[in-house]
Amino acid sequence: MSPVSLTPSPPVAVTPRRPRLATGLLLLAALVLVAFVLDVALGPVRIPMLTVARHLLGLGDAADTATAFIVHQIRLPKALTALAVGSGLAVSGLQMQTLFRNPLAGPSALGLTAGAGLGVALVMLTGGGAASALAVRQLGLAGSWALVLAATAGAAAVMALVLALAARVRDNVVLLIVGLMVASVTGAIVSLWQYFSAPEQIQEYLLWTFGALGGVTGSHLAVLATVVGTGLALALASAKPLNALLLGEHYARSLGLRVRRSRTLIILSTSLLAGSITAFCGPIGFVGIAVPHLTRALLGTADHRLLLPGACLLGAALVLACDCLAQLPGSQIMLPINVVTSLLGAPVVLWVVLRRPIRSAA
Amino acid sequence: MSLIPPPAAAPLLAAENLTIGYAARKKAPRLVAGPLHLALWPGELVCLLGPNGAGKSTLLRTLAGVQAPLGGYLAVGGQPLASLSPEARARQLSIVLTERIEAGHLTVRELVSLGRHPHTGWLGGLSAHDHAQVQAALAATGTAQFAPRPVGELSDGERQKVLLARALAQDTPLIVLDEPTAHLDLPNRVALLRLLHELARTLDKAILLSTHELDLALQAADRVWLLPATGELLAGPPEDLVLSGAFAAAFQHEGLAFDVATGTFELHAPTGLAVQLLGEGPAAFWTRRALLRAGFVPTASPAAWRVTVPPEVGHGSWLSQAPGQPAQEHATIANLLQALTKNCNNVA
Chain A
1 MSPVSLTPSP PVAVTPRRPR LATGLLLLAA LVLVAFVLDV ALGPVRIPML
51 TVARHLLGLG DAADTATAFI VHQIRLPKAL TALAVGSGLA VSGLQMQTLF
101 RNPLAGPSAL GLTAGAGLGV ALVMLTGGGA ASALAVRQLG LAGSWALVLA
151 ATAGAAAVMA LVLALAARVR DNVVLLIVGL MVASVTGAIV SLWQYFSAPE
201 QIQEYLLWTF GALGGVTGSH LAVLATVVGT GLALALASAK PLNALLLGEH
251 YARSLGLRVR RSRTLIILST SLLAGSITAF CGPIGFVGIA VPHLTRALLG
301 TADHRLLLPG ACLLGAALVL ACDCLAQLPG SQIMLPINVV TSLLGAPVVL
351 WVVLRRPIRS AA
Chain B
1 MSLIPPPAAA PLLAAENLTI GYAARKKAPR LVAGPLHLAL WPGELVCLLG
51 PNGAGKSTLL RTLAGVQAPL GGYLAVGGQP LASLSPEARA RQLSIVLTER
101 IEAGHLTVRE LVSLGRHPHT GWLGGLSAHD HAQVQAALAA TGTAQFAPRP
151 VGELSDGERQ KVLLARALAQ DTPLIVLDEP TAHLDLPNRV ALLRLLHELA
201 RTLDKAILLS THELDLALQA ADRVWLLPAT GELLAGPPED LVLSGAFAAA
251 FQHEGLAFDV ATGTFELHAP TGLAVQLLGE GPAAFWTRRA LLRAGFVPTA
301 SPAAWRVTVP PEVGHGSWLS QAPGQPAQEH ATIANLLQAL TKNCNNVA
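Order-wise, the sequence lines are chains A and B. Residue numbering for the first sequence follows the numbering used here, starting at 1 and increasing by one per position. Residue numbering for the second sequence follows the numbering used here, starting at 1 and increasing by one per position.
One chain only, chain A, in its complex shape:
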């Protein structure tokens, strides 16, 4: 043990890590850009990269209406959706992991995904079967307003329940258990519904659970982008409270944090992000849990002022990359996005976790 010195020591380099972090964020941004262009360029119809770039920049050949349609009406909206989905899920996962101080928490921790699923099940498994089946076939899974509204209503109902309970519950661990139990009950109700439903209706519901980025176009995309944008803005405003919450609720309170107010803000942000994304695109697994871990490992910091934008960028890049893979380049087959994110994601997380020497399990 070194002797204690109370005289000021010579100043050491104060922030040697910041430039590296800034570089890391810039690299991530570049990665997003590359993945975005690649995602637009890839698809069942082969379009040269240069043509794609020209169309994206508004310099495309106006006479080539087929290409313009594919780029602007199909691939661009899908890539933008991937952008919103990736950044939104990653940020909501990061918030949940910090709020609950649990590395396994994710956007689904509060039961929002299950709530959205319940809403969808309500529409699909009762009555509206034929109508929604048609919509699914024509517009992709998310194309139906009925589905979107039902999923939003489901997620919002669960959010209202969790917010009401959060106001009464003091302990975050209890709140996490509440969220998991709400998810569990909601899932059980959906299962019950499936049990008593016709097989073709169940198939529709299963298709929804595979997730889909396509089909969120026009006004759907505008709504999704607005809600996700709001959620992200709220999350950025929570950067300082999230940093304080790293030390746990007691320390956070001792630092002058209004814990309940911050918690409500964080839950609201996560609900908007996870709820809207699940409503429009179905449940998309893994991104919310894994990207925060990847971001922390990549940037080597716990500061949310850097982690939030970092997770945003990395999440977007990852979902864009998954979407590229989902189209199985060179083939006509489209894999469900939920399958790709999980297949690709779980090994990546395992690699990141096992790569470092396991230190202080915390």
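Keep in mind the hints are simulated off the structure, nothing from the lab. The beta-carbon is built from N, C-alpha and C at its ideal position, and this holds for glycine as well. Worth double-checking, as some hints may not be accurate.
What follows is a list of derived Cβ distance ranges for each label pair [said to hold, decoys possible]: (1) A:Arg-54 / B:Trp-122: 49 to 59 Å; (2) A:Asp-171 / B:Trp-286: 49 to 59 Å; (3) B:Arg-25 / A:Leu-180: 17 to 27 Å; (4) A:Met-334 / B:Trp-122: 41 to 51 Å; (5) B:Glu-99 / A:Ala-164: 20 to 30 Å; (6) A:Leu-180 / B:Asp-156: 30 to 40 Å; (7) B:Ala-24 / A:Leu-335: 49 to 59 Å; (8) B:Trp-122 / A:Pro-48: 23 to 33 Å.
For this one, chain A is given, so just place chain B on it according to the hints.
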């Protein structure tokens, strides 16, 4: 350097008729302790001592504003604690808790910088002044060299000093620590208490800590708050509390006997033969302890059995005399104990 600080105009923390405990819905509140009358002055290190279950943690949590008092008056910095906004309270009082920090990626500098939370804007950006405060806190606790390391890689002693640095960076007149010595080895416990004592003096802060390190607390504390399992909290310099017998009384319920002569708790309750111990100095002190452990009752008055310690440590030997036998010489305490036990068994 340990001059008694001149009394300040007003205490940093004052409590009158404070009752602490747990309010329960529907049921009557569970009173843990009180009514308490407390004051903390700048520049003093106060140790809160008491047996388990007396309510030390409850008291610290109440003073820190984490838990609401059941009743009474509690003021921090001259203002009622309840009337302070969370931010204002955080500029008056910082805490170090026993709970673990579970943020593996957090570096020491980031952790200490979090102490600036109540002083920064809505985004938490650090100004040059904030950076200077963080650096000063790291320097004062001797943790500047760990600054770039992740908190998860620190040893227990290092982590405790870093948590103290975080509290210092918060720049509050009051610092409250809940059992800061709990997971430390003896050298680290001594170093931490010495550091806290020096910080209270040099930075003119009031530092309150709870601890089970009674002997260290008796040496380091300017004042002791003694919270017995039942009865009133007693405050005063440790020596007064020891000499008045309050200290011994507070721990009596745990079956511990406090020896006023040595300032320690007696580990052994010997009931064996009385042995007259002749001599003084360190050799006598340690011989006495050895005899106690072996089950003898050392005494200053004449007894049938007698032990004479060497006048100087390292020179001469121990003499033992059993009744009706010639004196025996022993080079070490080990030999002395062996001979005494043997003779004792022969007599029996």
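Here's how the hints hold up against the structure:
1. A:Arg-54 / B:Trp-122: 49 to 59 Å: Since the Cβ atoms of A:Arg-54 and B:Trp-122 sit about 43 Å apart, the hinted range of 49 to 59 Å is violated.
2. A:Asp-171 / B:Trp-286: 49 to 59 Å: Because 51 Å falls inside the window, the suggested range holds.
3. B:Arg-25 / A:Leu-180: 17 to 27 Å: holds (25 Å)
4. A:Met-334 / B:Trp-122: 41 to 51 Å: holds (44 Å)
5. B:Glu-99 / A:Ala-164: 20 to 30 Å: holds (28 Å)
6. A:Leu-180 / B:Asp-156: 30 to 40 Å: holds (33 Å)
7. B:Ala-24 / A:Leu-335: 49 to 59 Å: Cβ of B:Ala-24 to Cβ of A:Leu-335: about 56 Å, so the range 49 to 59 Å holds.
8. B:Trp-122 / A:Pro-48: 23 to 33 Å: At 48 Å between Cβs, range violated.
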